[in-house]
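Participant: In order, the protein sequence lines correspond to chains A and B. First residue of the first sequence? That's 99 in my numbering, and the numbers climb one at a time after it. First residue of the second sequence? That's 99 in my numbering, and the numbers climb one at a time after it.
One should not assume that every hint holds.
Pairs involving identical chains hold if they fit within one copy or between any two copies, as the list cannot separate such chains.
No farther apart than 30 angstroms at their CA atoms in a straight line, the calculated lysine-lysine pairs in the DSSO-like style are these [what the hints assert, rightly or not]: (1) Lys169 <-> Lys273; (2) Lys127 <-> Lys117; (3) Lys117 <-> Lys273; (4) Lys139 <-> Lys273; (5) Lys169 <-> Lys127; (6) Lys117 <-> Lys138; (7) Lys138 <-> Lys273; (8) Lys273 <-> Lys127.
Hints were generated in silico from the structure; no laboratory data involved.
Number of protein chains: 2
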Amino acid sequence: MSSQGLAHESGVTSAQVRKDLSYFGNFGKRGLGYRVARLKKEIRLILGLNRRWRVALIGAGNMGSALFSYKEFHRQGFDFAGVFDVSLDRVGLQWRDLTVRHIDDLEADASRLGMEIGVIAVPARAAQSVADRLVAAGMRGILNFAHRRIQVPATVALRTVNLSIELESLAFEIKALNPRGTRSRRR
Amino acid sequence: MSSQGLAHESGVTSAQVRKDLSYFGNFGKRGLGYRVARLKKEIRLILGLNRRWRVALIGAGNMGSALFSYKEFHRQGFDFAGVFDVSLDRVGLQWRDLTVRHIDDLEADASRLGMEIGVIAVPARAAQSVADRLVAAGMRGILNFAHRRIQVPATVALRTVNLSIELESLAFEIKALNPRGTRSRRR
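Start from the sequences and build out the full structure, keeping to the hints where you can.
Facilitator: Take a look at the structure:
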């Protein structure tokens, strides 16, 4: 496929496609374009998606439940290998093939089952203590959905998802589309 | 507060703080820094956060439930004014002060209650048809949590949240921290 074709599929310019891919190596041939199968394999290798990752989900509330049901994680190579909570109302619940475990079991389970990524879906006030336990349990990366900045050692990868910023950005884009603030309601 | 102080709080350089803010106007005084209260007000105005927004939530499943419970939306000025679904198991459920409504009621409710933003939390296969209904109901912006690219008129702002990319980026960062792939498990 040509860089024009890739550009069309991904909604960027062909120059951007060529530039971005050239950061990682020499994937295309001038005048011939890219071999899609090889390109896909190379990109998955670069992204660390040429393998499956075992994930510990902390928090079996609304957010945890939504993340557990999010099918795209599994498709991209991420498998929830354990769900943990502190609430005795939730510990012991059956979630598909998993039983919700007490957070005190995290360290032993993570080691036994080879979990390497922790997902934090607990209230903000508990986020740092959960992060500390995930680090102690040997996680290599943490994805934080709690609305609180957390600290981890430099050897652990950390990303924080702020859903609020998505709505804030949308509000900004709405304003940008209609800067005078007049509402042109379509019926 | 000085740009150094703002930089420290936000984790970027002071030059970046000054550069970013200068895009929008002359907020600081050389040698004196920024008046925090005025700066906050100006930024909220720029972002369209100097007002409240009424939001229609489509999908009362796991993801919808998690978003409805996400307290930060309300704190930033976004209020769910209606929850809609197609499932007769869910229509009629009481969610705090709201009753889950049938999607067929969207247009009338949106107009009556002044909803301007739609949040899509339905399965991927239903995302485009829900988007079409949100557009027909006069929404000015749509936040899409379904894993499907959707099309809306250029007059409607659109953002798609891909939670999978967050885990993929984390996997990439883990690889970058430990490129040889050796696992240095801390006990």
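Participant: Just pull the numbers of the violated hints for me, sorted ascending.
Facilitator: 5
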